[in-house]
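Trainee: Kindly produce the complete structure, drawing on both the sequences and the hints.
Each chain, letter by letter, is given below.
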Amino acid sequence: MAINHQKTTEMAKELFREERSLMRLDGWFLSKEIGMKYEHETEGMSKMRRTAYLLKKIAAELPISISDNAVFAGTQRDAFARSYALINPAFRVETFSGYCDPTAVFGDIEPNEDITQERLDTVKAHDKETDYIKELTKVYDAAENYTKEVAFFVEQVTGHVIPDMRHALKVGVNEMKREIEANMQKTDDAERIDAYKAMLDSLDAVIIFAARYREIALEKAVGDKAEQFNRLADALARVPAEGARNLFEAIQSFILMWQVMCLEQAPNPFAFSVGNADRIFEPYRAMDNLSREDAAALFKHLLVFYNVADRSWAISQNLIVGGKDTEGNDLTNLCSYALLDAYYDMNLPQPILSVKLHKNTPDKLYEELGRFFFTPGCLTPSLFNDDSVFEVLRNAGVAECDLADYSIAGCQEPLIMGKDNANTTNSWLNLGKILELTLSDGVSTITGDRILPATGDDAITILKNLRERFYANCQFIIKEMTKSANGASRALSNLPVPFLSTLMGGIQSGYDMRDPVHQGTPYNGSGCLIHGLSIVADSFIAVDTLLEERPEDAERLIKALANDFAGDDELHEYLLGCKKYGNNIAVVDDEAAEVASKVADMVAAEKNYLGNPFRPDFSSPSTHLTYGYWVGALPDGRKAREMMNYGVDPLFGDAHQGLGFRVLSSFKLPYIKMNGGFASHFGIDPNYFTGATYEEKGIEFKNKVMRQFFFNPLNDKLAPFYLYVNVTTPEMLRKVLANPKKYAPSGVYIMRIHGTFVNFLDLSPAIQQDIIKRLDLKSTTLEC
Amino acid sequence: MTIKYFQKGFNYSQDGPGNRLVYHLHGCNMKCPWCSNPEGMKADAAYPAFPITQVTVEDMLSEIISCKPMFFDGGGVTLTGGEVTLQADAVRELLKRLKDEGINTAIETNAMSPALPTLFPFLDHLIMDVKSADEDKLLSVAGGVLYPILKNLKAAVDAKLDILVHVPLINGFNADEDATDKLLQALLPFKDDIRIEFLAYHEYGKDKWKQCGLVYAMENANISTECYKKTVSKFKAAGFTAVRT
Chain A
1 MAINHQKTTE MAKELFREER SLMRLDGWFL SKEIGMKYEH ETEGMSKMRR TAYLLKKIAA
61 ELPISISDNA VFAGTQRDAF ARSYALINPA FRVETFSGYC DPTAVFGDIE PNEDITQERL
121 DTVKAHDKET DYIKELTKVY DAAENYTKEV AFFVEQVTGH VIPDMRHALK VGVNEMKREI
181 EANMQKTDDA ERIDAYKAML DSLDAVIIFA ARYREIALEK AVGDKAEQFN RLADALARVP
241 AEGARNLFEA IQSFILMWQV MCLEQAPNPF AFSVGNADRI FEPYRAMDNL SREDAAALFK
301 HLLVFYNVAD RSWAISQNLI VGGKDTEGND LTNLCSYALL DAYYDMNLPQ PILSVKLHKN
361 TPDKLYEELG RFFFTPGCLT PSLFNDDSVF EVLRNAGVAE CDLADYSIAG CQEPLIMGKD
421 NANTTNSWLN LGKILELTLS DGVSTITGDR ILPATGDDAI TILKNLRERF YANCQFIIKE
481 MTKSANGASR ALSNLPVPFL STLMGGIQSG YDMRDPVHQG TPYNGSGCLI HGLSIVADSF
541 IAVDTLLEER PEDAERLIKA LANDFAGDDE LHEYLLGCKK YGNNIAVVDD EAAEVASKVA
601 DMVAAEKNYL GNPFRPDFSS PSTHLTYGYW VGALPDGRKA REMMNYGVDP LFGDAHQGLG
661 FRVLSSFKLP YIKMNGGFAS HFGIDPNYFT GATYEEKGIE FKNKVMRQFF FNPLNDKLAP
721 FYLYVNVTTP EMLRKVLANP KKYAPSGVYI MRIHGTFVNF LDLSPAIQQD IIKRLDLKST
781 TLEC
Chain B
785 MTIKYFQKGF NYSQDGPGNR LVYHLHGCNM KCPWCSNPEG MKADAAYPAF PITQVTVEDM
845 LSEIISCKPM FFDGGGVTLT GGEVTLQADA VRELLKRLKD EGINTAIETN AMSPALPTLF
905 PFLDHLIMDV KSADEDKLLS VAGGVLYPIL KNLKAAVDAK LDILVHVPLI NGFNADEDAT
965 DKLLQALLPF KDDIRIEFLA YHEYGKDKWK QCGLVYAMEN ANISTECYKK TVSKFKAAGF
1025 TAVRT
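Quick mapping for you: the protein sequence lines, in order, are chains A and B.
Residues in the first sequence are numbered from 1 upward in steps of one, following the working numbering.
Residues in the second sequence are numbered from 785 upward in steps of one, following the working numbering.
Calculated from the structure, these hints are not laboratory results.
Heads up, a few of these hints could be off.
[Stated by the list, open to error] Here are some, though not all, of the chain A residues that point toward chain B, as calculated from beta-carbon distances under 8 Å:
{"id": "1", "residue": "E367"}
{"id": "2", "residue": "N584"}
{"id": "3", "residue": "H656"}
{"id": "4", "residue": "G658"}
{"id": "5", "residue": "G660"}
{"id": "6", "residue": "L664"}
{"id": "7", "residue": "F667"}
{"id": "8", "residue": "K704"}
{"id": "9", "residue": "Q708"}
{"id": "10", "residue": "P713"}
{"id": "11", "residue": "L714"}
{"id": "12", "residue": "T781"}
No experiment lies behind these values; they were computed from the predicted model shown.
Every residue gets a Cβ at the ideal spot worked out from N, C-alpha and C, and that includes glycine.
Mentor: Set out below in structure tokens:
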């Protein structure tokens, strides 16, 4: 197939400009209205059948169009609202609510003459009466004592999985339907037969979309647009009904499948992720031996597809390249590099790029990554260590044949593509708050409310038994948390997902992916994001130090914490001067390792709604800020309402010996237990890298950063497996904010926050300042 | 016995082989106006922005031992400056203890001190500067004396050390034809026993001069790529092993 890569690239860039000019996202609402309109026709159907039936109606009636600049048809615009707080300038750290109200999204549409407040209210009122909302409300009401100041938080998890599209691309939807029918013949279980029927119906939705888009393409195929749209119409005549025969058809098929998958969960199925895109698409590129340049041009349109409206509201969609198989063979291919080319040239806020590395990753990949790290304002990939991830997943029970298929859902959670419903963000545990409550004998030092029962013990008793009591409180809170989390998952099962289930093992299992009784996917779990690791470890050491050096100040410490150190600067300074995690100091590093290990064990011992373990995930996607706002002063010297440490990192400012020392501390953590993932960030000063070219700097980055952190041959423990970096300085970012026209003339300056990248200029001020603060360059100094 | 240093950190392959923990020891016996670490030049001066750490040899050794997992690819410890030999007694003790621990050692020195050879038995790698073979210029611009430098180089060769000679290439100081010819002649007797690396002038330390309240006097000191390549070629043609770390 002939591709004019220059023209295709220009069109992709114009298409992105068009997308960024969209200020309204009404599609999700319209789809809900369509569903409501036809609901009466679904009486007597199971919830799964009803979902599929209505999905077809939505596919038939939702307004659709194709831009003159599009080479592919399809959009995920209609699945998202303008909701995601961190990219909303109105976001404030203090606005966190311990309640996740799924109907709040109706407030994200500005009523107008067409979509009136009355229409919005009608659908909202209808939603409020659904089993889903009613059950979820009960869960939140029951947990309010613990969630109001975020001792823990729970949520129902939409999106956040990696569908396996490979089979659909290869054989097409018609063949998938034949497979479903064949499996249906093999069972007499009425429940599974019903589920299979729902899956069959749901797959029709994508065929309906393809036909509608084809009609539009044919209408547009005139004059100088004839070739462009005839090609599109031809592809739509083939896919996704049948298997793709080249890269163009494969991408088209993929996009339409993705569109329906998102629409099925509208609004806001955040963090659906692509998986190893290079492995998915390489067979099709090879079919007509498309060049790297031509493949990159087509991929640019795929990347634009992931950006929704003016701020790219569909967030945390992860796409990964590179990696190895279980024999250790590198799996990088030409599509890996074509995708990197597309990313670099487009520099879009979505989808977020991840790269799998292993000890034998070819230098060529590091060379090609150099341009990402060392171009100011350019996106940077997050990095994964296959050598460690394989061990972590193997230890968690993942079959050998599935290891190479792990990918990242959302930010940093490793899941098996198409097989793992991990409910990754189901529960959120706040160790900082639990420590505060332990020290204050159960009373919040933020609000004065009693949250845990009182023991009545004096200060010295509390401090002398601090660890024991902290872990006991953790155990109690974790049990409450997992009970609520499972309630949220069960509430969500009222919204089955037959279409997605066909891409997640449902064709084999015959069950919906969200079925709360039968496991629809080969792997299942529930995530728990654990906050405040290093501040708790630092606090334990600070208390030990105080009890040893000045035990007479035990009472004074408890009072100072309650008063946020007001009037006791001397004690505050003393506590700040105690040993901190992140400086290669054994006593405090070992403490952090023990906290991580014990808490991970407690979390993993809890069972989810299907009886599978919760997965410990030491990450804090900006929640170190929002949850930190509800945590009182702690013995490490951190004041009330200040941010907690990010992921497994030291609190900013606490690690000051440089990168090697910080890395040595990090080696001591028990990564094998972090099968839900973890987060770590290095802010790195670009001036340490002196190579003359991007390629040379890429190799320098490998030697100075990645070799010591991921692939250090002298590290006898399991190495860390996740890292994201921002290679810049606070001065540079302040300049960008002060003069965006000069430093970011395109209006886009990409930075990373936790697992996702964002347009720095789109962020709320609180998040902008968090990024600047957490560059924490003293913790990453190198020699140069 | 204590050691004073003003900076430490890890580097890969640029201060000796592999990944290395590098300590910058305080105080120097030269006064190079292009120095990228001016905060460490004067032994009797301290600058608020650059605190000096003073530790016992024992404590420094403990810290280094705790960093062993970072010494991969043949890495270890490099002591640089300032000028290492100004604290020769403590440095010798430290290096001896490091060798007892099986840790790879290197120093980077201006090689002017007569104490330098006393460190040789405890060194795996010697990185030494020969900034110029023009005695007058070396003395007047950098405060260096050529004779002891070459004498120490001879001693290091005799001790069969792994030697890397660093030459900063600076316009107006040592980068013209005559200066490089003179340097080549001075080093020629050692060409089979050393590797040589030319370091193009840079201004990495410029901001630090200001932070120390000192005047950065270098002007028009950059050299062209052509000059760099020509110098390297000249030395290669004369049989030297020129490297770039």
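Trainee: Taking the earlier hints as the rules, which of them does this structure contradict?
Mentor: 1, 3
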